[in-house]
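Asks: My request is simple: use the sequences and hints to build the entire structure.
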Amino acid sequence: MKNIYRRYKYIKTGYSIVLLLLLAIPAKIHAEELRKLVQLSGYWKFSIGDYQEWANPGFDDSKWDEIRVPGKWEDSGYDEYNGYAWYRTKFKMVETESKGMIYLLLGRIDDVNEVYLNGKLLGKSGDFPPKYRTAYNEKRKYQVPREYLNFDGNNSIAIRVYDSFLEGGIIDNPVGIYIDEDFTFLDFDLSGKWKFHLGDNKQWSKVDFDDESWSEIRVPSEWEQEGYTDYDGYAWYRKEFRLPSNLRNINDLYLVLGKIDDYDHVYLNGASIGNVFELKKDGEYKRRGFEYNARRIYKIPANVLKADGVNVIAIRVYDEMWRGGIYEGPVGIMTEDKCKEYRRKHYVNQTFWDYVLDEIAVE
Amino acid sequence: MRTVNRIKDMRWRSAHLILVIIGFMAINQSTIAADLIKVLDLKGDWKFSINVKDEWASTSFNDKSWETIKVPSPWEDQGFYGYNGFGYYRKSFTIQSSLKGKTIYMVMGYIDDVDETYLNGHKIGSSGSFPPFYNTAYNALRIYSIPEGIINYNGVNTVAVKVYDSYQQGGIVSGDVGLFTDRFALPLTINLQGNWKFKTGDDLARKAFAHDDSQWDDLIVPGKWEDQGYRDYDGYAWYRKTFVYNGNLPGEKIVLVLGKIDDVDQVYINGVFAGSTGEFSNSPGKWVDTGERYRAFRGYYIPASLLKKNQKNTIAIRVYDAGGDGGIYEGPIGFISQVDYINYWKERKGLVNNK
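Heads up: the protein sequence lines correspond to chains F and L, in order. Each residue of the first sequence is one higher than the one before, counting from 12 in this note's numbering. Each residue of the second sequence is one higher than the one before, counting from 16 in this note's numbering.
Mixed in with the good hints, there may be bad ones.
[Said to hold, decoys possible] Below, in silico cross-link-like pairs of lysine to aspartate or glutamate (EDC-like), each with a Cα-Cα straight-line distance of 20 angstroms or less: (1) K361(L) / D90(F); (2) K268(L) / D138(F); (3) K364(L) / E91(F); (4) K361(L) / E77(F); (5) K364(L) / D90(F); (6) K56(F) / E44(F); (7) K135(F) / E227(F).
[To be verified] Which stretches of chain L does chain F cover? Using the computed rule of at least three CB atoms under 8 angstroms from a CB of chain F, they are: (8) 284-292; (9) 306-319.
The hints are simulated quantities; they were obtained by calculation from the structure and are not laboratory data. Treat the numbers as computed from the prediction; the structure is a model and nothing was measured. Note that beta-carbon positions come from the ideal geometry of N, C-alpha and C, so glycine has one too.
Replies: Structure representation (structure tokens):
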């Protein structure tokens, strides 16, 4: 994706051998960040057609066909079929001590889908007819709220798929339940629903700005996955929160915003507390042209946070192309100790090749 | 028909024959296409009479005094030289009860020019239209699916075919005649194969229910337009079909099956958008992304509420062909309930695997 494109910029320096290594790295980065909890590839229940009650966990699918996931349905006896189909499966959740963020990954789905966990809608990619819009090249990654999961028994996944033409279905790995352990470093989790608006307006940084009419978006998540396919350009995120009592008298707090594609400027209670370019100067982040991959860790200046009352975060984001927004990683507040652990995990344990990359990137 | 047309027609007919051969060759590879298996041969001696009477369609009518005639063969070759006008064919047969539950097709070969086919007094299909709104269908192979409950598995069945010939050869002139099953038959509840209204060019006003298509051409669907007078035509065209819906499809959603369309299509039912494969540009004359869409089998899930019960309904299809063959070129064409559609694909999977 973008990684490869950006990296091409540095080839002019003539490091052609390194290119091959660069191409291999993006896949590695992803594997590191999520830990697999439940493998879901294998045989799933399958039926063409479209009934909303098929989302229900109690629906009896015993008479349904079974087909291999991942795999296009054309290869499982449904050659030439285009249109709606549902996939269903059950799984037992593993016990996990970790307070990390749980995700359902569904590889790639051709073309459009909605996914239900235990009857509750987790998310949607693309648009179903009549306003059909394919999302066949979007990565399927859905946040799983813990309260949706049944840790003691069976869990049901139901996926409604629409395919317009050519291959259809859940066609690529990874398919499974994963956990992002980085969320365990958070002392206060701010992921979830945020307010969101496309465009750019300085007024939107202000505390008293009324964002009531804005739409909601899940954070972290690529905005392409949230219904803003193909959108590049400016957008703003806003979130109101109250500081939990255990953090009220602590001086050194950090606002952590996962990773943002591409550039961000962060306001807390109307005051600018940092942007991605300043992160570079701090030494947290060295690779130029890799803004999308930098972890956002902003120290909260003294006297900006209100111990009592409502705090307002406003983030101006600019996306150059492809994926956009606050797209992954932990989002919330960390104390200095936790923040150090978080940094150590990602910035100290750099591999030799990460180091080489950094050196090349500095022109 | 004028002689010039006849010659042109002969050319089409031979072209059609070649296409049928190519089509049969293709069937072995393409699994959605019909895989017809003959279960009863009906070629040979039939009863025949010129003229037409309503009671001749009924099972009980006694046709003993009628002439015997060979089918298939032009009636001109069977003692009715120079006859143009109406004629009636009848034949009785029994059928093995092991076929019960299967969709049976009556194949009546090629009929010159127009026919209405009855089984045990029930009309099971027609092609072309009789005077005064005469319209030939001499180049369409007659394949009529027999609705459930019409076949008598315990006794005699009677097929009666009312034919009209306007000029030269007439009757059930060629092709295979008999009962067939299709391993891959999609059991449509409403079969819309046959004559549709057709007009080249593009105008979104044509989607409207009330749009006047009376001056449009007739085109047989399925069948590419190159075979039907639009040689070398590429670009936009519209199809329209008006039919009465008798409300016999259960469920909130039903499926409109449109077979295969070369290249992309946009479908309206009573003026309301109902489905599409491919995207159209809103500015006329702009490039349209067709890709591999001409190969896609179309089955559009639509709300049943789009159809008005016991009233006239209109399907309007906007088609864009980027080059080569164009139009709705492969069936089946019609409506099916969602339950039947789901069962069909499930059963078909078994058939494909056993092939």
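Asks: Against this structure, judge whether each hint is valid.
Replies: Verification of the supplied hints:
For the proposed pair K361(L) and D90(F), the alpha carbon gap of about 12 angstroms is at most 20 angstroms, so the pair holds. The hinted pair formed by K268(L) and D138(F) meets the criterion: a straight-line CA distance of about 18 angstroms does not exceed 20 angstroms. The straight-line distance between the Cα atoms of K364(L) and E91(F) is roughly 11 angstroms, inside the 20 angstroms bound, and the hint therefore holds. Note on K361(L) and E77(F): the hinted pairing holds, with a Cα-Cα distance of about 11 angstroms set against a maximum of 20 angstroms.
Simply put, K364(L) and D90(F) have alpha-carbon atoms about 9 angstroms apart, close enough for the 20 angstroms limit, and the pair holds. Proximity of K56(F) to E44(F) is assessed by CA-CA distance (about 30 angstroms); at most 20 angstroms being required, the pair is judged violated. For the given pair, K135(F) sits about 14 angstroms from E227(F) by alpha-carbon distance, which is consistent with the 20 angstroms threshold. With 5 residues having a Cβ less than 8 angstroms from any Cβ of chain F, the segment 284-292 of chain L passes the three-residue criterion, so the hint holds.
Chain F is given as covering the segment 306-319 of chain L, and this holds because 10 residues of the stretch bring a CB closer than 8 angstroms to a CB of that chain, at least three being needed.
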